[in-house]
Amino acid sequence: MRVGPGAYLLLSALLFGIGVAGVLIRRNAIVVFMCIELMLNAVNLSFITFAKTNGSIDGQVLAFFVMVVAAAEVVVGLGILVAIFRKRSSASVDDVNLLKG
Amino acid sequence: MLAATSAEQAELVVFIVLAPLAVVSALGMVLNRNAVYSALLLVVNFFCLAGFYVLLEAQFVAAVQVIVYAGAIMVLFLFVLMLLGIGNEEVLKETIKGQRPAAVLLTLGLLVALVGALLAGVFDAEPGSLAQANTGGNVQAVGRLLFTRYTFAFEAAGILLVVAAVGALVLGKRQP
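Protein chains in written order, with the working numbering: chain A, 1 to 101; chain B, 1001 to 1176.
Misleading hints may appear alongside valid ones.
In the SDA-like style, the derived pairs of lysine to any residue whose C-alpha atoms are separated by at most 25 Å in a straight line are [stated by the list, open to error]:
1) Lys1093/B with Leu99/A
2) Lys1093/B with Val96/A
3) Lys1173/B with Ala1072/B
4) Lys1173/B with Glu73/A
5) Lys87/A with Asn1034/B
6) Lys100/A with Arg88/A
Derived list of chain A stretches under chain B, where covered just means 3 residues or more per stretch with a C-beta under 8 Å from a C-beta of chain B [what the hints assert, rightly or not]:
7) 8 to 14
8) 22 to 28
Keep in mind that the hints were calculated from the coordinates and are not lab data. From the three backbone atoms N, C-alpha and C, an ideal C-beta is built for every residue, glycine too.
Kindly produce the complete structure, drawing on both the sequences and the hints.
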């Protein structure tokens, strides 16, 4: 029996769903960030699966760029988080409600 | 012929071991109340994904996954976790009423749509091979593509990283 692309795509969909649920449910901003990383990784898995299915490397290069953007995002996001924590000493996403109407 | 089938069997075994581990570690990350355990479970998940990348003939991306994600990014996460202190428990009170059940329902809907599309055969394809594209090694193939067709994107990624580093410095600076 062979592991087809379908199995990898199914796994990728599952991981993406778990990431979405985490972002919606968790209130700790750092864990929300981790869930975003999980979603990015799930999409990377799809990219690399499709790269193999199409017999071309382009998908792998795209996954590489996704990683670069994820690294930049984490650096700036955690910087913002630390800055907010200094002001409010809380890492909960519900405490940042200054712009609430 | 025999070698090909044994390679396929090895792929199947590795997949059967890694796939549940990846799903369980992701679920554990979302459900665990301690953020440090969440981070460590995410590292397990990243290693599983690196294994899948090797199975999918993407050795370079697998190495980058371990070095950049499991190495650099997760260390950054743990560093910030320790910096902010982990004593304060997450509040379980809902700010918006009925948000959690709604979130679970919406996620299930998304999963039904995605899995339904998969089962309907939208993405049905033969399991191709990268043997031709990977001639001379996967790293060489990726590098060749990165410095020919994607040179502009590569340079832009470099600028993006520099801007992100400068931005983090400015954000982290203590205001006088």
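Status of each hint after checking the structure:
no.: 1; hint: Lys1093/B with Leu99/A; in the structure: holds (21 Å)
no.: 2; hint: Lys1093/B with Val96/A; in the structure: holds (16 Å)
no.: 3; hint: Lys1173/B with Ala1072/B; in the structure: holds (21 Å)
no.: 4; hint: Lys1173/B with Glu73/A; in the structure: holds (18 Å)
no.: 5; hint: Lys87/A with Asn1034/B; in the structure: holds (23 Å)
no.: 6; hint: Lys100/A with Arg88/A; in the structure: holds (16 Å)
no.: 7; hint: 8 to 14; in the structure: holds (count 6)
no.: 8; hint: 22 to 28; in the structure: holds (count 6)
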